[in-house]
Each structure stands twice: as structure tokens, then as C-alpha cells.
Amino acid sequence: MMTQALPSRANPGLFKRNPPIAGEAEAIEAAQKGDGEAFAMLYNLHKRRVYTLCLRMLGNVSEAEDMTQNAFLHLFRKMGSFRGESAFSTWLHRLTVNLVLMHLRKKGLNLVSLEETDNPSGEETITRDYGRRDPILAGSVDRIALERAVEALPPGYRMVFVLHDVEGFEHNEIAAMLECSTGNTKSQLHKARLKLRELLRSPGQPPQPSVDSESAI
Amino acid sequence: MTTPRIIDFDHLKPDEFEHILPDLFATGDGKVSQDPRLQKFLAANPDCAALVKDLETIAETARSLFEPVAEPSDRVWQNIQAKLAEDSALASIDDDYIDPGAPLD
Numbered sequence: 001m002m003t004q005a006l007p008s009r010a011n012p013g014l015f016k017r018n019p020p021i022a023g024e025a026e027a028i029e030a031a032q033k034g035d036g037e038a039f040a041m042l043y044n045l046h047k048r049r050v051y052t053l054c055l056r057m058l059g060n061v062s063e064a065e066d067m068t069q070n071a072f073l074h075l076f077r078k079m080g081s082f083r084g085e086s087a088f089s090t091w092l093h094r095l096t097v098n099l100v101l102m103h104l105r106k107k108g109l110n111l112v113s114l115e116e117t118d119n120p121s122g123e124e125t126i127t128r129d130y131g132r133r134d135p136i137l138a139g140s141v142d143r144i145a146l147e148r149a150v151e152a153l154p155p156g157y158r159m160v161f162v163l164h165d166v167e168g169f170e171h172n173e174i175a176a177m178l179e180c181s182t183g184n185t186k187s188q189l190h191k192a193r194l195k196l197r198e199l200l201r202s203p204g205q206p207p208q209p210s211v212d213s214e215s216a217i
Numbered sequence: 001m002t003t004p005r006i007i008d009f010d011h012l013k014p015d016e017f018e019h020i021l022p023d024l025f026a027t028g029d030g031k032v033s034q035d036p037r038l039q040k041f042l043a044a045n046p047d048c049a050a051l052v053k054d055l056e057t058i059a060e061t062a063r064s065l066f067e068p069v070a071e072p073s074d075r076v077w078q079n080i081q082a083k084l085a086e087d088s089a090l091a092s093i094d095d096d097y098i099d100p101g102a103p104l105d
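Protein chains in written order, with my numbering: chain A, 1 to 217; chain B, 1 to 105.
Just chain A, with the same shape it has in the complex (with noise of 0.2 Å):
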């Protein structure tokens, strides 16, 4: 008989995806520095992906660009403090996520419990799609498709979602970074992928954001 006790240890890190960039390394150097222009060329390599992991956990554009600026004027003033124990990427993401979750706080939103907000019941389970297999999303699915899916994710899941499945966090990180168990974050996680998976197999509905471009999560 095949038994087996669950592990219950951190993901090991499905993916590390953040190699070094050249140049990068002496713009950091002279930026710490206060060199301007170095730290203008820092800005120019990273502000696409800081500005992208902003928009992904706020839906929304306007503070999305706020956040951006934060996040740079927050590296600018803590450059000193980067010793190149982790990847500069990994280091400025992380400092990032931090100041988007600070601001959602400060919104008042309750970032652990978000996964009431779809479901108040909690019974979102696997037995729900049995019978509904669709054969198109077994192999491949559009990245702008996911995409759009993730637009429509309920806050809660969005964020767990970006954190590990896109940013590649683990578990063990996000809980730290949420205050909450990691049993919460992979039970948030595999909720997300349920959702997911429901939005990407009605393509004749068109999955809306679960937000308006102007509201707050």
C-alpha cells in the first residue's frame, strides 16, 4: 500500500527569474552613491516590471502610477540599505509589493479575509466542475486571455495569484508579507486557479475586472 505523510515545507521556489542585468550592478554602486543619471538608468530597467506588479495588484492605472513613483522615491532614499543579498529585482519587487500592501491597509481593506468577498459561503470545490470538462484548456491557454481572467479575480485571490504564480513568492513569503498562515495563502492560491479556470472556460463571457478603473479594491 502506497502511504505517505503530506510535507508540509515551503515550496522550494518553482522559478528564480531574476538573472543579473548589465551594467546594473555599477548603477547600483554609483546610485548609492547619489549619482542622478544612475539612478536614471535604474528607473529606466526596472520601471516597466515595477509598474506592471503595481497595476496587477491594484487593477487600476492612476494608482498604479502613484505607486510606481513611491516605490522609486522609497528605493532612492533606501538604496544605502541594499547589501546584494538577493537580486536588485528581487529586492526592489519586494519593496514594492510591501508599499502596495501598506497602502491597501491604510484603504482599509482586509487583505486576509478577501476571499469572503466572491464566495461568502466557502464552498467553491473541485466537485463543482466535475461533468464541465472542456478539453480546450487542457494544454494550453492565451496569455492574454489569463491575463484578462486575472483582471477579474476578486482581490484576495488576484493577490495571491500575482504573488506566487506570476511574481514567483513563496508561501511562506507571501503569509509573512500578508500576516497570515501559509495554509490561507494555498488555500487562496488554489481558490484563484479554481476561478480561473471557470473564467477561462466561459470564453463566450467575457471576464470583467472585478473593479472599475477608478475604484478601490
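To be clear, the hints were calculated from the coordinates, so they are not data collected in a lab.
All residues carry an ideal CB built from backbone N, CA and C; glycine is no exception.
Incorrect hints may have been included.
[As the list claims (entries may be wrong)] Cut-off 30 Å, straight-line C-alpha distance, at most; resulting in silico cross-link-like pairs (DSSO-like, lysine-lysine): (1) B/K53 - B/K83; (2) A/K33 - B/K40; (3) A/K106 - A/K78; (4) A/K33 - A/K47; (5) B/K13 - B/K31; (6) A/K107 - B/K31; (7) A/K33 - A/K78; (8) A/K47 - B/K83; (9) B/K53 - B/K40; (10) B/K53 - B/K31; (11) B/K13 - B/K53; (12) A/K78 - B/K13; (13) A/K47 - A/K107; (14) B/K31 - A/K106.
[As the list claims (entries may be wrong)] Chain B residues, not near chain A, derived (Cβ > 10 Å throughout): (15) Q34; (16) A44; (17) A70; (18) A89.
[Unchecked claim] Distance ranges between label pairs, derived from CB positions: (19) A/I21 - B/L84: 19 to 25 Å; (20) B/A85 - A/R143: 37 to 43 Å; (21) A/K106 - B/A82: 48 to 54 Å; (22) A/R143 - B/D74: 35 to 41 Å.
Following the hints, put chain B in place on chain A, whose structure we already have.
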């Protein structure tokens, strides 16, 4: 969900599978469909196998979203520059500041 428990993979039921699926995805390399302990179960439960495949596909495609899709407007950099210039001017004022209460040399 985080508490280790003994799972009888040879006699797994779909509802038990549903319960442990988040942990199965969170441990190992995330390739639940290739987990040797689950091959018998997945072969006998095609709906569960299809679900696993779909969730794996979603997770794999999500990695491609890491590449940025949007760019902030020029206003963002202009605001950053303005703010830094303002900070710099304030710092310069601080440097020039003379404490009126300080003893004269």
C-alpha cells in the same frame, strides 16, 4: 491543511483528493500530474486528472505574465525628479541652517 497527515494514495477518494490538492500543488515541484503516488488514482478518475492538468496549465502560463506588459507615463519620472529635487533643496537648506541658540565661535 498544513498539518502533516497520513494519506492512503492507493485508496484515495475524489473528495479526499480535493482536500489535499492545495498541499500537493504547494509541495514538490508543483507537477501533481507526474506524482508517481497519484498515477493510479488519476487514471481511474479522469475528471480529477483533467482538473489537475488545467490548474498546471494555468500556473505554467502565469509565469509568462512575469514579463511586463505596460509602461508608466512620463509623468511618473517627472514627478520623481521633482520630488527628489525638492528633497535635495530641503537638505541643502538643512545643511545651511544655523542654530540661533548655538554658542558663537
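Each hint, compared with the structure:
no.: 1; hint: B/K53 - B/K83; in the structure: violated (49 Å)
no.: 2; hint: A/K33 - B/K40; in the structure: violated (61 Å)
no.: 3; hint: A/K106 - A/K78; in the structure: holds (22 Å)
no.: 4; hint: A/K33 - A/K47; in the structure: holds (21 Å)
no.: 5; hint: B/K13 - B/K31; in the structure: holds (20 Å)
no.: 6; hint: A/K107 - B/K31; in the structure: violated (38 Å)
no.: 7; hint: A/K33 - A/K78; in the structure: holds (12 Å)
no.: 8; hint: A/K47 - B/K83; in the structure: holds (17 Å)
no.: 9; hint: B/K53 - B/K40; in the structure: holds (15 Å)
no.: 10; hint: B/K53 - B/K31; in the structure: holds (9 Å)
no.: 11; hint: B/K13 - B/K53; in the structure: holds (18 Å)
no.: 12; hint: A/K78 - B/K13; in the structure: violated (52 Å)
no.: 13; hint: A/K47 - A/K107; in the structure: holds (25 Å)
no.: 14; hint: B/K31 - A/K106; in the structure: violated (38 Å)
no.: 15; hint: Q34; in the structure: holds (14 Å)
no.: 16; hint: A44; in the structure: holds (14 Å)
no.: 17; hint: A70; in the structure: violated (5 Å)
no.: 18; hint: A89; in the structure: holds (14 Å)
no.: 19; hint: A/I21 - B/L84: 19 to 25 Å; in the structure: holds (22 Å)
no.: 20; hint: B/A85 - A/R143: 37 to 43 Å; in the structure: holds (40 Å)
no.: 21; hint: A/K106 - B/A82: 48 to 54 Å; in the structure: violated (23 Å)
no.: 22; hint: A/R143 - B/D74: 35 to 41 Å; in the structure: violated (27 Å)
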